[in-house]
Structure formats: C-alpha cells, structure tokens
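A.B. asks: Sequence:
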Amino acid sequence: MPDEKKELQARYAHYQTILSEMTLMSDAFMRNVLKVAECAEYVLQVILEKPDLRVVDVVVQKDHKNLQGRSAVLDCVAQDADGNRFDIEVQQDNEGASPKRARFHSGLLDMNTLNPSEDFEKLLESYVIFITQNDILGKGLPIYHIERTIRETGDAFADRSYIVYVTASIQEDTDLGRLMHDFHCKHADEMYSKVLADRVRALKETPKGVDNMCRELEELYLYGEKRGIEKGVASSLRNVMTTLGLSIEAAMDILRIPEDERPAYMNLLAKQ
Numbered sequence: 082m083p084d085e086k087k088e089l090q091a092r093y094a095h096y097q098t099i100l101s102e103m104t105l106m107s108d109a110f111m112r113n114v115l116k117v118a119e120c121a122e123y124v125l126q127v128i129l130e131k132p133d134l135r136v137v138d139v140v141v142q143k144d145h146k147n148l149q150g151r152s153a154v155l156d157c158v159a160q161d162a163d164g165n166r167f168d169i170e171v172q173q174d175n176e177g178a179s180p181k182r183a184r185f186h187s188g189l190l191d192m193n194t195l196n197p198s199e200d201f202e203k204l205l206e207s208y209v210i211f212i213t214q215n216d217i218l219g220k221g222l223p224i225y226h227i228e229r230t231i232r233e234t235g236d237a238f239a240d241r242s243y244i245v246y247v248t249a250s251i252q253e254d255t256d257l258g259r260l261m262h263d264f265h266c267k268h269a270d271e272m273y274s275k276v277l278a279d280r281v282r283a284l285k286e287t288p289k290g291v292d293n294m295c296r297e298l299e300e301l302y303l304y305g306e307k308r309g310i311e312k313g314v315a316s317s318l319r320n321v322m323t324t325l326g327l328s329i330e331a332a333m334d335i336l337r338i339p340e341d342e343r344p345a346y347m348n349l350l351a352k353q
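Following our numbering, the numbering of the sequence shown begins with 82 at its first residue and continues without gaps.
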C-alpha cells in the first residue's frame with residue numbers, strides 16, 4: 082500500500098507538470114475550459130462573428146450514437162437560446178479532422194436532436210467547428226465556411242447545416258487571430274480574452290482547479306491502461322480465432338475470459 086501511495090503521488094506531481102504546459106489546443110484542457118457556458122459562448126461569438134449569440138447549455142465528452150451503433154465522442158456540444166447546436170472540436174492531427182469525419186459529426190448532431198416522430202422541419206441550425214493546428218484544407222486561410230450549394234445554379238441548398246474549419250496556427254491581428262493566440266497560451270496572463278483567462282487561471286492556479294485537473298488526468302491514465310490491456314487481450318483473441326479456426330466464444334473459453342467481461346471484448350473486436 083505505501084508503494085502504491087508513492088506511485089500515485091508521483092503521478093500527480095507529473096500531472097501538475099503536464100497541466101502547466103497545457104493550452105486550449107489540448108483536448109482535455111479545452112473541454113474543461115469550454116464546459117463553462119460563458120467560455121463556449123465567447124469562442125462561438127468570435128468564430129461565427131455573432132456577438133449576440135447566447136449559449137444556454139454545454140455538454141462535454143458525450144457519446145453520440147447513430148442507428149447502426151457507430152458512435153463518436155464529441156468534445157463540446159453547445160446549444161444557443163434559439164435551440165441551434167454547435168459541436169466544437171480541437172484537433173492537433175490532420176486525420177482527426179477529415180471532411181468525412183466532419184460529415185459524420187454533422188449527422189450525429191441531427192440524429193441526437195429530434196425526438197421520435199418529430200417533423201424534420203423542426204431541425205434548426207447545426208454547426209460542426211474544427212479548430213485545427215494545421216491548415217487542413219491547404220488554401221492558406223484562417224477560416225473556412227462549408228455549406229451545401231446547388232451545382233447548376235450556385236444557390237445555397239439551405240439545409241441550415243454548416244461546417245467550419247479554423248486554422249489555429251494563423252494568428253493575425255483580428256478577433257479570430259487573437260482567439261487563436263489565446264488557444265496557444267499556457268498562462269492566463271498571456272491571454273487577450275478575460276473570460277478565457279479567468280477560467281484558465283481557475284484550472285491552473287487554484288487548489289481546487291489543479292486537483293480537479295489532476296483527477297481527470299488520472300482517469301485518462303487509468304482508462305488508457307485499461308484500453309491497452311483490452312487491446313492486448315483482443316489481439317490474442319483474434320490470433321486464437323484465426324490460428325485455430327474457432328468462434329469468438331470458443332476462443333474466449335480457451336483464454337478463460339470471465340463471462341461478465343465478454344460483451345466488452347466482443348464489442349471491441351467488432352469495431353476493429
């Protein structure tokens with residue numbers, strides 16, 4: 082037990098070092114900043130150039146499913162006073178912000194909006210916003226607005242579904258550029274936005290905020306450790322099934338996997 086306590090203390094000390102280096106370009110930190118409605122509201126106001134936009138609800142890290150069961154965990158989903166929905170995603174890697182992923186996220190927002198039997202006309206505006214470190218679309222622009230159009234006429238299709246890409250590495254002397262500057266700041270005192278700076282300061286410079294962030298990083302560590310074990314077992318299962326030509330149930334019997342853990346491994350194999 083003493084060794085476990087020392088190990089935990091060492092991890093927490095390491096987490097505090099990690100926290101000091103985090104910016105809003107870090108998924109875990111961004112979600113904790115934007116879970117405060119005023120922060121999400123400010124980010125949306127700047128990106129969409131809608132100073133009157135008012136956020137009434139924010140949900141972070143929610144698992145959204147479609148009818149076939151394929152799901153995605155959306156970083157931050159906000160709703161404004163009119164019921165419009167906004168998915169804010171921060172991506173360091175190009176693969177995580179592909180056009181097809183944006184399309185999928187847009188569909189998930191719609192599928193998780195209407196109640197059973199509600200008319201499609203009740204769908205309001207939806208925005209999928211990717212804040213990416215690199216210029217994903219490669220045209221050298223700080224922001225890209227994607228909307229459906231009718232090819233033959235050039236008119237807007239008017240489905241009220243929008244996708245926006247923001248290039249975080251472009252930090253011009255504009256409201257958007259200053260926001261992207263703030264997304265790269267490690268310290269609250271370096272930020273332009275007071276509302277974002279206040280939240281960053283609360284998370285990084287107060288005992289409660291630091292403790293909460295360390296607890297979240299510990300959860301991520303334990304989750305990663307569990308997933309690593311699960312993937313190792315799943316790999317062994319697949320090897321046994323392939324080598325011996327067995328069903329998944331028979332392979333689980335050979336590896337002596339407990340009954341209560343089997344559904345999770347079957348789900349994991351189905352996604353691979």
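Hints in this document: simulated from the structure, not taken from any laboratory.
Backbone N, C-alpha and C fix where the C-beta goes; we use that ideal spot for every residue, glycine too.
Don't take each hint at face value.
[Unchecked claim] In silico lysine-lysine, DSS-like type, Cα no more than 27 Å apart, as pairs:
1. K86 / K275
2. K131 / K289
3. K87 / K275
4. K203 / K86
5. K220 / K116
6. K312 / K116
[As the list claims (entries may be wrong)] Computed beta-carbon distance windows for the label pairs:
7. D191 / R319: 31 to 37 Å
8. A239 / E340: 51 to 57 Å
9. Y93 / D254: 26 to 32 Å
10. E297 / G164: 52 to 58 Å
A.B. asks: Under the constraints set out in the numbered hints, which ones does this structure not fulfil?
C.D. replies: 1, 2, 3, 4, 5, 6, 9, 10
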